[in-house]
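Protein chains in written order, with the working numbering: chain U, 1 to 321; chain P, 1 to 321; chain Z, 1 to 321; chain C, 1 to 321; chain H, 1 to 321; chain F, 1 to 321.
What the hints contain is simulated information worked out from the structure, not anything from laboratory work. In this text the structure is predicted, and so the values were computed from the model without any measurement. Warning: the hint list may mix true and false statements.
Taking beta-carbon pairs under 10 Å as the criterion, some of the chain C residues facing chain P (in silico) [stated by the list, open to error]:
{"#": "1", "residue": "4"}
{"#": "2", "residue": "21"}
{"#": "3", "residue": "32"}
{"#": "4", "residue": "33"}
{"#": "5", "residue": "45"}
{"#": "6", "residue": "46"}
{"#": "7", "residue": "48"}
{"#": "8", "residue": "62"}
{"#": "9", "residue": "236"}
{"#": "10", "residue": "278"}
FRET-style restraints, in silico, Cβ to Cβ [as the list claims (entries may be wrong)]:
{"#": "11", "chain 1": "F", "residue 1": "114", "chain 2": "Z", "residue 2": "5", "range": "51 to 57 Å"}
{"#": "12", "chain 1": "H", "residue 1": "209", "chain 2": "P", "residue 2": "12", "range": "49 to 55 Å"}
{"#": "13", "chain 1": "Z", "residue 1": "178", "chain 2": "P", "residue 2": "166", "range": "27 to 33 Å"}
{"#": "14", "chain 1": "C", "residue 1": "10", "chain 2": "P", "residue 2": "225", "range": "50 to 56 Å"}
{"#": "15", "chain 1": "P", "residue 1": "197", "chain 2": "H", "residue 2": "209", "range": "55 to 61 Å"}
The beta-carbon is built from N, C-alpha and C at its ideal position, and this holds for glycine as well.
6 protein chains.
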Amino acid sequence: MTDSFFLPEPGDQLPRFAGVPSFMRLPHVPPGHPRFKDVQIGLVGVPWDGGTTNRPGARHGPRQVRDASTMIRRLHPVTGADPFGQTACADLGDVGPNPADVQDSLDRITAFYAELANAGIRPASVGGDHLTSLPILRALAQDGPLGLIHFDAHTDLYDSYFGGFRYTHGTPFRRAIEEGLLDPKRMVQIGIRGTGYDGEDIAFGRAAGVRIVTIEEFFDRGPDAVMAEARDIIGTGPVYGSFDIDFIDPAYAPGTGTPEIGGPSSFQAQQVIRALDGIDLVGFDLVEVSPPFDASGGTAYLAASLLFEWLCILSAAIRRT
Amino acid sequence: MTDSFFLPEPGDQLPRFAGVPSFMRLPHVPPGHPRFKDVQIGLVGVPWDGGTTNRPGARHGPRQVRDASTMIRRLHPVTGADPFGQTACADLGDVGPNPADVQDSLDRITAFYAELANAGIRPASVGGDHLTSLPILRALAQDGPLGLIHFDAHTDLYDSYFGGFRYTHGTPFRRAIEEGLLDPKRMVQIGIRGTGYDGEDIAFGRAAGVRIVTIEEFFDRGPDAVMAEARDIIGTGPVYGSFDIDFIDPAYAPGTGTPEIGGPSSFQAQQVIRALDGIDLVGFDLVEVSPPFDASGGTAYLAASLLFEWLCILSAAIRRT
Amino acid sequence: MTDSFFLPEPGDQLPRFAGVPSFMRLPHVPPGHPRFKDVQIGLVGVPWDGGTTNRPGARHGPRQVRDASTMIRRLHPVTGADPFGQTACADLGDVGPNPADVQDSLDRITAFYAELANAGIRPASVGGDHLTSLPILRALAQDGPLGLIHFDAHTDLYDSYFGGFRYTHGTPFRRAIEEGLLDPKRMVQIGIRGTGYDGEDIAFGRAAGVRIVTIEEFFDRGPDAVMAEARDIIGTGPVYGSFDIDFIDPAYAPGTGTPEIGGPSSFQAQQVIRALDGIDLVGFDLVEVSPPFDASGGTAYLAASLLFEWLCILSAAIRRT
Amino acid sequence: MTDSFFLPEPGDQLPRFAGVPSFMRLPHVPPGHPRFKDVQIGLVGVPWDGGTTNRPGARHGPRQVRDASTMIRRLHPVTGADPFGQTACADLGDVGPNPADVQDSLDRITAFYAELANAGIRPASVGGDHLTSLPILRALAQDGPLGLIHFDAHTDLYDSYFGGFRYTHGTPFRRAIEEGLLDPKRMVQIGIRGTGYDGEDIAFGRAAGVRIVTIEEFFDRGPDAVMAEARDIIGTGPVYGSFDIDFIDPAYAPGTGTPEIGGPSSFQAQQVIRALDGIDLVGFDLVEVSPPFDASGGTAYLAASLLFEWLCILSAAIRRT
Amino acid sequence: MTDSFFLPEPGDQLPRFAGVPSFMRLPHVPPGHPRFKDVQIGLVGVPWDGGTTNRPGARHGPRQVRDASTMIRRLHPVTGADPFGQTACADLGDVGPNPADVQDSLDRITAFYAELANAGIRPASVGGDHLTSLPILRALAQDGPLGLIHFDAHTDLYDSYFGGFRYTHGTPFRRAIEEGLLDPKRMVQIGIRGTGYDGEDIAFGRAAGVRIVTIEEFFDRGPDAVMAEARDIIGTGPVYGSFDIDFIDPAYAPGTGTPEIGGPSSFQAQQVIRALDGIDLVGFDLVEVSPPFDASGGTAYLAASLLFEWLCILSAAIRRT
Amino acid sequence: MTDSFFLPEPGDQLPRFAGVPSFMRLPHVPPGHPRFKDVQIGLVGVPWDGGTTNRPGARHGPRQVRDASTMIRRLHPVTGADPFGQTACADLGDVGPNPADVQDSLDRITAFYAELANAGIRPASVGGDHLTSLPILRALAQDGPLGLIHFDAHTDLYDSYFGGFRYTHGTPFRRAIEEGLLDPKRMVQIGIRGTGYDGEDIAFGRAAGVRIVTIEEFFDRGPDAVMAEARDIIGTGPVYGSFDIDFIDPAYAPGTGTPEIGGPSSFQAQQVIRALDGIDLVGFDLVEVSPPFDASGGTAYLAASLLFEWLCILSAAIRRT
């Protein structure tokens with residue numbers, strides 16, 4: 001039965017451009033709030049770009065996505081899914097990073113997500129740069145390595161940067177594999193493209209068993225075939241989802257730090273997320289939205305729209321449990 | 001025989017960026033002008049966003065489309081059609097809405113278009129928000145309900161808003177059906193997508209006999225098949241055309257009030273308009289261009305380019321009569 | 001004693017760019033909230049531009065000002081005032097207008113503010129266009145006409161528009177005088193400039209006893225002399241404050257619908273607000289911030305900074321009671 | 001007696017954002033129009049940047065200024081002047097340059113203005129880059145050299161560029177002096193500033209008798225004193241006015257090709273133009289508005305506002321004859 | 001063996017956003033530099049828009065592309081090609097045009113490229129408008145006419161403009177054919193679209209033997225088939241490549257002077273360049289990037305990415321010799 | 001005697017918008033270059049924002065300022081100073097920070113500047129955020145504490161952030177005093193304003209002997225009086241200059257991370273720098289230009305113009321030695 005507390009503020013009572021902008025106009029339920037324990041899906045912002053080695057600004061991502069997300073309505077146009085009516089969703093607020101210290105930020109983020117994990121809340125996160133995924137995985141993978149379905153232009157499997165710096169937005173999944181947070185045999189990366197440094201990241205991934213689907217293969221075989229294979233690989237075990245907005249072509253998503261041309265369209269992005277219906281999604285993040293490079297705000301609106309697609313998958317996973 | 005009065009100012013005598021910007025550099029022939037009676041296609045701006053419940057700005061649409069339209073040359077690249085040479089086209093100016101009153105605006109617009117209808121001028125309108133279509137249809141459908149070919153991300157078949165307000169940019173076609181201006185059996189809506197409130201709009205439309213083609217069906221079957229079916233449905237009777245710029249993906253058309261991701265490309269937009277050749281088009285509108293959200297002006301240029309495509313269809317319809 | 005519930009979230013625990021953006025990072029205490037009765041200053045957004053006859057977009061003002069306001073710290077740099085520590089301030093959320101109907105919106109806004117007035121909360125409002133002031137005054141002036149200190153490029157004393165439409169952003173203070181909400185003998189308008197229609201607005205105002213200070217007089221005599229006179233005119237009775245962002249030169253405040261060149265600087269704007277210390281301010285509004293015309297966001301940041309200045313004046317007025 | 005044909009379209013019948021945008025919403029009366037002979041002040045666009053050696057785009061100036069100028073109302077706020085009611089003003093359209101050839105453009109422009117001069121129309125021109133002034137002066141100075149009141153950050157008295165190219169936007173007034181179109185003893189240049197090449201331009205000007213007022217002197221003595229001296233120098237003979245938008249600080253006027261920091265405010269710009277009341281102004285131009293560098297459109301609006309100030313001076317000059 | 005002098009500055013020693021921005025972070029080796037004679041591929045900027053008859057700004061293209069190009073890494077993602085490691089590439093700087101004179105500019109450019117040709121350096125040029133190609137071809141085709149592979153929305157085969165002006169960005173390839181610099185039988189133009197003046201350009205081209213592939217044919221047959229035919233036509237002789245950024249849809253490339261809707265995606269642009277592998281490319285240009293119309297900088301980044309694709313083709317051609 | 005090697009590339013041989021953009025079009029002379037030892041003033045970029053706790057982007061400052069600086073010509077308009085002709089100036093390139101580590105960056109920067117100090121080169125630096133000043137001072141103050149002339153809206157004298165993090169852009173001068181790099185008795189801070197946390201920074205500074213001039217005092221006494229006092233305080237000993245672009249009002253300088261309204265104009269900024277003529281300036285930095293927030297590029301152009309003013313002061317100081 002739907003708990004009306006957890007429903008978004010309806011647009012015919014308060015116009016969609018009005019109100020304090022929480023994610024999807026959901027109630028703001030930070031840890032400590034009396035209804036925190038009832039939340040099933042916790043939307044969390046991670047306003048952090050401390051791992052960014054190129055153009056910064058992802059620290060401003062959560063706020064702009066919140067703003068854009070107030071445009072989203074309740075029902076999925078194809079499946080009719082009603083994630084806010086079917087699952088208790090809430091905006092848990094932002095986890096505060098330390099802009100002046102990477103390690104302190106990693107610890108703060110992991111602590112925040114551990115609290116969610118303990119409360120049985122599945123997280124839907126909006127970054128922040130891609131290093132965000134690492135501290136989240138540290139909190140979520142306490143019972144063993146997870147599978148990963150990962151959409152991105154880059155593998156983020158680099159080893160280090162600048163001669164030994166191991167924590168940047170190019171390294172989270174290398175670290176996560178090393179730390180036993182992810183099972184490389186149940187990892188799929190889709191959309192990889194762009195000029196390379198030396199190919200070591202891809203070589204590492206493939207050696208470890210990660211299935212890497214380049215954009216050329218993606219366009220050649222088509223979203224359906226690629227996603228069918230991905231479903232096979234990730235299987236029925238718990239899976240984490242990670243969606244870098246630079247997966248999509250920069251014509252659709254200019255507001256990001258490290259764009260790569262030659263990417264998919266927004267419709268193809270919807271297709272690949274919808275193809276995940278049925279997996280045991282334990283949480284996901286949507287990262288690398290950088291508002292300062294998003295002249296028209298379209299990237300944030302795209303991110304908010306895809307956030308809804310992901311929420312439908314996560315809501316369905318919860319309802320199956 | 002071509003009447004040189006009605007030809008656009010040529011770009012090799014006055015550069016395309018020069019001159020007072022009328023639509024397509026056509027002569028400005030407002031009602032009362034001595035040549036008004038000779039006009040066959042009247043281009044009209046409706047600078048109005050009084051029905052907008054979300055992001056405003058469509059009131060600035062006509063002016064920005066006029067500006068962009070001065071880039072358009074004379075001949076269609078595929079068919080060689082020469083609408084300005086083959087039909088007497090003119091910029092009739094803008095119909096002045098009342099920014100402070102919706103009902104007064106509806107009346108002013110209908111009165112203006114009734115004058116065109118009486119003069120036998122077929123209107124090519126640039127909005128303005130989508131409520132614009134209703135007062136135009138009131139003027140054009142005096143001899144009975146028209147068919148409708150409608151490209152849009154939204155059905156605009158909602159019943160009311162805010163508990164009883166019946167005239168917004170989400171309701172024009174519901175009102176038009178109720179008022180007997182449109183024949184729902186001869187209505188086709190293409191491109192429908194995006195999250196929904198409760199699905200009542202689609203249910204109403206389908207119950208009334210409207211053919212609603214979602215974007216998923218559009219991409220699945222392809223423009224050719226969809227348009228062949230649409231041609232069958234609208235048949236040989238008089239048809240009105242309505243093109244909401246948010247039909248197209250926001251990567252191509254960011255300058256609009258209620259974008260929806262996952263839409264067609266600009267080439268696909270050209271394809272669907274070109275597929276209308278041969279229908280008895282009695283007029284059309286192109287709506288929801290909102291310049292304040294169009295950082296680079298590309299939406300207006302897209303709109304101006306599609307305005308030319310529509311003019312070729314309308315010109316051909318006139319030449320067949 | 002400071003009630004820590006009402007303190008802004010500190011920037012050294014959660015970075016200023018993080019978190020759900022309420023005004024000044026204050027707690028969100030909508031009517032019905034258990035702490036509502038304890039609020040002394042209620043910050044309210046009025047996301048409405050239904051009275052706008054020129055460029056729209058002020059409906060998006062409150063959200064952008066909320067975003068910018070998270071940059072504001074606690075203490076006034078000159079007086080050391082600490083309004084959040086000295087007075088219970090809260091973000092009451094937005095009053096929802098009806099984008100499709102002016103009269104319904106006027107009624108909704110007055111009803112909302114009547115609730116504040118009844119609770120003894122003094123309102124600090126962020127518009128919205130200038131018609132916003134009228135329904136607020138209807139709620140606040142229940143015990144008799146108020147004085148008005150009004151900074152603006154325009155008098156907003158017009159009678160009607162489009163042949164009889166009496167409720168636009170150019171008419172609020174004419175209506176307020178007619179309705180007995182304002183005492184014209186205790187009204188001061190400062191910064192008036194720009195080309196005129198027919199001067200009837202100024203003639204009306206002066207005939208009624210309103211003190212109108214043109215920008216030429218303002219620059220000639222200087223802020224100190226002008227404000228000393230203004231203080232004399234408004235006297236010791238209850239006064240409402242209204243600040244149109246177009247008071248300031250458009251180089252500082254491009255994001256507004258009807259800019260007028262030749263205005264004051266941001267420092268002069270600070271000076272005139274600071275000169276109000278000691279008046280019996282019963283509430284104020286800050287209106288006409290239109291984000292779609294604010295390419296860099298600077299207008300919203302300016303507005304947020306001046307909102308702080310006004311809050312210090314309002315807080316001091318409360319502490320004197 | 002006011003000829004209603006020449007009045008701007010009033011904003012309470014057609015909103016200011018509506019309609020085909022002519023300068024100041026005046027009638028469009030190109031040469032050949034039946035009312036051409038009755039025009040007293042002809043507003044002309046010169047969409048040309050063929051003389052620009054730095055950032056281009058001034059070719060788009062006239063159109064953007066036309067757009068912004070529709071915001072301007074009828075009466076001067078200080079003097080009450082009503083130039084459109086007191087003098088027959090019209091938009092004569094644009095003179096078409098040849099974007100591919102400087103000399104051909106110079107000839108086309110002079111020919112156009114000679115037609116105005118012969119018809120007794122005083123031109124109010126909107127550029128275009130500053131080379132625009134030269135061909136206009138060739139048409140206007142047929143009866144002997146004119147005085148010049150010139151506001152600019154640069155002298156535009158350079159001799160040549162790139163080893164011998166004599167016609168650029170840095171040379172018009174050198175050429176005009178050489179050609180006997182201007183009397184250097186009756187020339188005043190105000191606002192000169194910015195880093196220099198070698199100072200030869202200033203040395204030439206001073207040697208020829210031109211009064212050059214640097215920005216430092218302008219700020220030191222103040223607008224009143226400087227303009228009083230300028231009035232003395234230009235005297236009672238015929239004077240041409242030339243206003244480069246880069247006279248004003250780039251905070252106010254970012255949309256220009258060669259900005260120089262440290263300039264006057266918009267109010268000071270109004271002051272210096274208003275101080276010209278009483279001179280025998282035979283025409284003026286307002287140049288170097290470059291829309292591609294004007295992110296918010298504020299430069300064009302500033303230019304339109306100052307265009308009105310200049311029109312008041314020109315109208316008064318005509319009424320005295 | 002790789003000469004480390006010619007390697008780009010690596011991003012893990014100096015971040016990619018740091019440093020004086022040369023093309024691809026290559027060494028700056030202007031003519032006269034001691035290593036000039038060792039250069040195999042010379043990257044050259046031609047900051048010139050003197051031939052532009054529409055929106056200007058391409059003069060700023062080289063600098064913005066240099067800036068964006070510092071984001072490009074070393075290896076091609078599909079072929080693994082390492083053009084900077086396999087061929088000596090350098091930034092030769094810009095050839096200085098004369099902004100005030102078209103003919104002088106043509107001569108300066110030809111002289112610069114003749115120096116390259118004499119040194120055996122193959123040029124990779126970044127414009128500048130499309131007239132840039134003509135003076136380059138004059139330098140490169142000294143031993144007889146070249147083939148041409150040309151991607152563009154326009155044929156640039158116009159005869160003249162404004163009644164006789166023969167050197168504009170719409171005429172370079174007409175002139176090149178007339179001057180015997182190109183062999184029309186070995187010319188392929190792909191992507192042609194948009195409204196036309198009179199079709200004379202296409203008629204001329206086809207009569208001369210140029211293979212013109214319209215965008216409709218391109219989308220209908222697909223990139224593979226079109227490029228296979230193009231390869232057949234250009235054959236094994238020396239070929240020049242010319243890529244106008246307006247080949248690509250303006251959603252991907254808004255920063256250009258004469259956009260045409262309905263174009264290919266960025267991925268399709270990559271496909272067609274990659275299909276050129278194996279031709280005897282003697283040089284290429286990438287033109288018509290106009291930064292003032294590129295609100296987010298994405299066009300320059302697209303251009304930089306495609307520049308890398310072209311460099312791989314050129315590098316391979318050199319290695320085969 | 002002027003060494004022509006060190007002269008900027010002249011604009012009449014290569015247009016100012018052309019060429020690889022070094023600072024002021026000076027030769028690029030990185031450490032190791034044969035002419036490095038002859039450099040007197042080294043222009044250095046520090047593309048780093050690792051200390052930024054608010055809006056990032058200053059890492060992109062040096063590149064955008066380089067681009068804008070190519071507009072600057074040779075001679076000072078008031079003094080006629082010719083710093084490039086009178087002193088050997090060169091662009092030394094950027095010192096590469098480590099975006100992923102603050103401490104490593106501090107060390108890298110100090111090492112780079114130590115090399116300059118050893119070579120007797122006085123540095124003119126472009127940041128970067130304000131933490132940049134600390135590692136520079138560590139290199140320059142090897143012979144004892146320096147004086148400081150500091151223009152800024154903020155004191156940057158905070159102690160720590162986030163409970164103990166001591167190296168942010170709000171703390172450099174606290175650290176520098178603690179480390180004995182600056183003599184607080186010879187420190188002047190001008191322009192301080194904006195809301196405060198707790199006033200501890202100002203209390204610390206005043207207790208230590210720093211002269212802090214608030215913006216209110218600055219406007220009240222005027223630039224001349226304030227700078228005369230500042231000259232007295234810094235005296236004749238060696239002084240470092242630090243100019244935060246947020247000293248200036250955000251209308252003039254929107255492109256910065258932490259703007260504060262109510263600041264000086266660009267002309268006043270020129271005045272205060274010019275008033276430094278005669279001091280023993282050992283180097284300076286110009287920091288906090290953040291291009292992602294600078295919609296029109298005006299902030300970078302302002303910074304480049306002020307960079308020239310500072311270079312004139314530094315050049316004069318060198319010539320006096």
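Run the structure past the numbered hints and jot down the numbers of the failing ones, going up.
1, 3, 4, 9, 10, 12
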